[in-house]
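Novice: From first to last, the protein sequence lines stand for chains B and R.
The first sequence: position 341 = 1089 (our numbering), numbered continuously.
The second sequence: position 108 = 856 (our numbering), numbered continuously.
The reader is advised that the hints may include incorrect statements.
As the list claims (entries may be wrong) - Cross-link-like lysine-lysine pairs, in silico, DSSO-like; alpha carbons within 30 Å at most:
#	chain 1	residue 1	chain 2	residue 2
1	B	Lys833	B	Lys815
2	R	Lys1038	B	Lys1001
3	B	Lys1155	R	Lys954
4	B	Lys751	B	Lys1160
5	R	Lys954	B	Lys1038
Claimed, not checked - If you only want the chain R side, here are some residues facing chain B, beta carbon under 7 Å, derived:
#	residue
6	Pro821
7	Ser823
8	Gly898
9	Leu981
10	Ser1045
11	Gln1137
What the hints contain is simulated information worked out from the structure, not anything from laboratory work.
For every residue, glycine included, the Cβ atom is placed at its ideal position computed from N, Cα and C.
There are 2 protein chains.
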Amino acid sequence: MKKLVGAAIIGQSGGPTSVINASAAGVFLTALKSEDITAVYGAKHGIKGILNEEFYDISQEELSELKLLKNTPSSMIGSVRYKLKDPAKDPADYNRLLEVFKKYNIRYFFYNGGNDSMDTAHKISLFFQSQNYECRIIGIPKTIDNDLYGTDHCPGYGSAAKYVATTLMEIYHDATVYDTEMVTVVEIMGRNAGWLTAAAQLAVDKGQGPDLIYLPEITFDYDDFFSDVEKTLNKKGNVIIAISEGVKDQDGKYIPEKYSTLATDSFGHAQLGGTASVLANEIQKKFNVKVRGIEFSLMQRCAAHLASATDVEEAFNAGAEAVNSALAGYSDYMIGFERISNSPYEIKYIHIPLENVANYEKKVPLEWIKPHGQGLTREFSEYALPLIQGEDKAPLINGLPRFAQLKKVLVKK
Amino acid sequence: MKKLVGAAIIGQSGGPTSVINASAAGVFLTALKSEDITAVYGAKHGIKGILNEEFYDISQEELSELKLLKNTPSSMIGSVRYKLKDPAKDPADYNRLLEVFKKYNIRYFFYNGGNDSMDTAHKISLFFQSQNYECRIIGIPKTIDNDLYGTDHCPGYGSAAKYVATTLMEIYHDATVYDTEMVTVVEIMGRNAGWLTAAAQLAVDKGQGPDLIYLPEITFDYDDFFSDVEKTLNKKGNVIIAISEGVKDQDGKYIPEKYSTLATDSFGHAQLGGTASVLANEIQKKFNVKVRGIEFSLMQRCAAHLASATDVEEAFNAGAEAVNSALAGYSDYMIGFERISNSPYEIKYIHIPLENVANYEKKVPLEWIKPHGQGLTREFSEYALPLIQGEDKAPLINGLPRFAQLKKVLVKK
């Protein structure tokens, strides 16, 4: 392995999670210790920060604050949704990146995100190779959607799944206290893959979960749905439904789109309610029962107070592995997890070519999904349960979390 | 004090909280130890359970499960929203209650709820006195709204306030990660009193809270509001707003009512969006920025995993005090808290005549509320901070909470 001496930079990209900062902590604390790495930078708002030459000098931060990043939700150095163009058509961004990398002698680039981010990292890797600029580029997975190719699961998923299962158990207790008929619809994130909604099954396994679960992997049938709701209502008088925001009907339409003609704003735009509120409204009209629509919204991805210790540890380790792999000569790979066993739970860290990860979505296996909203099979629970184990959260000061506070000293241009 | 021997019953009433079961545990565990109390019953769905002669025999439950009630959210024996009529006009319910109390020799009645429940308990107390039926009736306060008369604060508030402050801090981290303009509107419960929304100030005090806070104590002015949003948006590019669901404009209308003409369902009913989604929608139209409406919904009142230890302990003690007070001869009172000092935090348990509590709402003092959504004064934070201290939650089994499991053995009629 050839020794490569230069600066390292990390960018955070896409929607936040409870543990994306834990991966950043893994990168920072490992990179700061390396003799080959001459400077450690954090890109302000991901790739945009590099293009704009705006990055933080991480060596200026207190080590104790960098450690607190493990339990600080969201993307501390700023995230971005920015898709690089095809370099064959528009190489401007790539040339600019190369210019900046050269100026600061950046030889290690870590990008923490979902499949779009892995695509970005791979494209940069190819471009730098074509320009004979030596730079080791490693992707670090991150997504509550858990839909990245090649890895058993993704950092961020375990904590979000723990939030979903715990909160549904609590809602089960709350939504069933009256002796009147009631339907509660809970909307969970996940545009194309239903992994997070599937975590509702973990609450069902405890006897304190939703009655019906709908994932985007299965085409949503309105007749079946209302019939399933009616049956459950007649049997139990109280129905709790967990549904993915990404559910689509046979016309490929999201649920709010179907009902969007009801209301338009003053510009004629359709006013989209969320899936939960739209369905709750329809159920109210059809069955004349009390309804409640609930969206887990940002809470499901930023509830660091309820993070899974397993998830925090793996996210941190993925960051550390990324640095160590790059130092060992790896490039153009994403760090992934391979599961060795469920009981005791054991994984090993692996390298997945970025090219394979880019733009591919891993969905819940269809054979794990029961028909008619009847939840997930045992295989899913055995898969998911190890990922939500343990607790690891920020220390409390005066009853509230003490999150990391970074000085965020920008590197002089 | 005259010794009174007979059965005791407790009812849970109104909207659940994280700690209403902690008060039930306080009643159960104290009453089961008393020699004067011959049986301990839990009314199924509050006053309705008594009218229907449906109550659980608490002596059949495992003590370990009753202890777990301290950390089990919502109303384990079932809640109810049922308002007794004026006994002068319709004494049927009262006569039926008396019949049931006599049949089972119930001499102790504990009712755990808000001001409606205290009104119910007081009316029953007066009726029983008029019929010369000796029964000691004690109310136990409960409400996340924190609006009961005569008590410094109410069980349930501290935990809900801790949820609001913690979650807003997490949302602050999540909602500010992009470098694009964005407005996040968070809707918090509280129809008439803004105590729970005011807890947003505790996140502001940490530098990680909303920019604007709106309580129902202040008439909502649309022009002021949009102007305040615009100013903050121009200054910061990112705005987080905490607003009570109970906010009303100068015509006495809730915010969703103002915009309800946009859509009506097939029966002609107005389709009400929530305050957050309606305002987010208006802000999007006015300023053409990315918006997100978030409702804390049931989570703010049932997130037992985030309960305040202070709240759990006080709720339990309020239940225990209710039993001990009744055994000591008190009747027609609610247990309340009087604050002795803030630092160190110290309270004493007091007795407040039910008559005074019934149907009175205690609001946030106007002098604590800053104009233009600028939050609350130091006095509020000093008041609220002690109430969110400490953690006390259900043990985790396999990563998820182990809530109480009651056998719920109905007493034979």
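Novice: Please flag the earlier hints that this structure goes against, numbers listed from lowest up.
Specialist: Hints 1, 5, 8 and 9 contradicted; others consistent.
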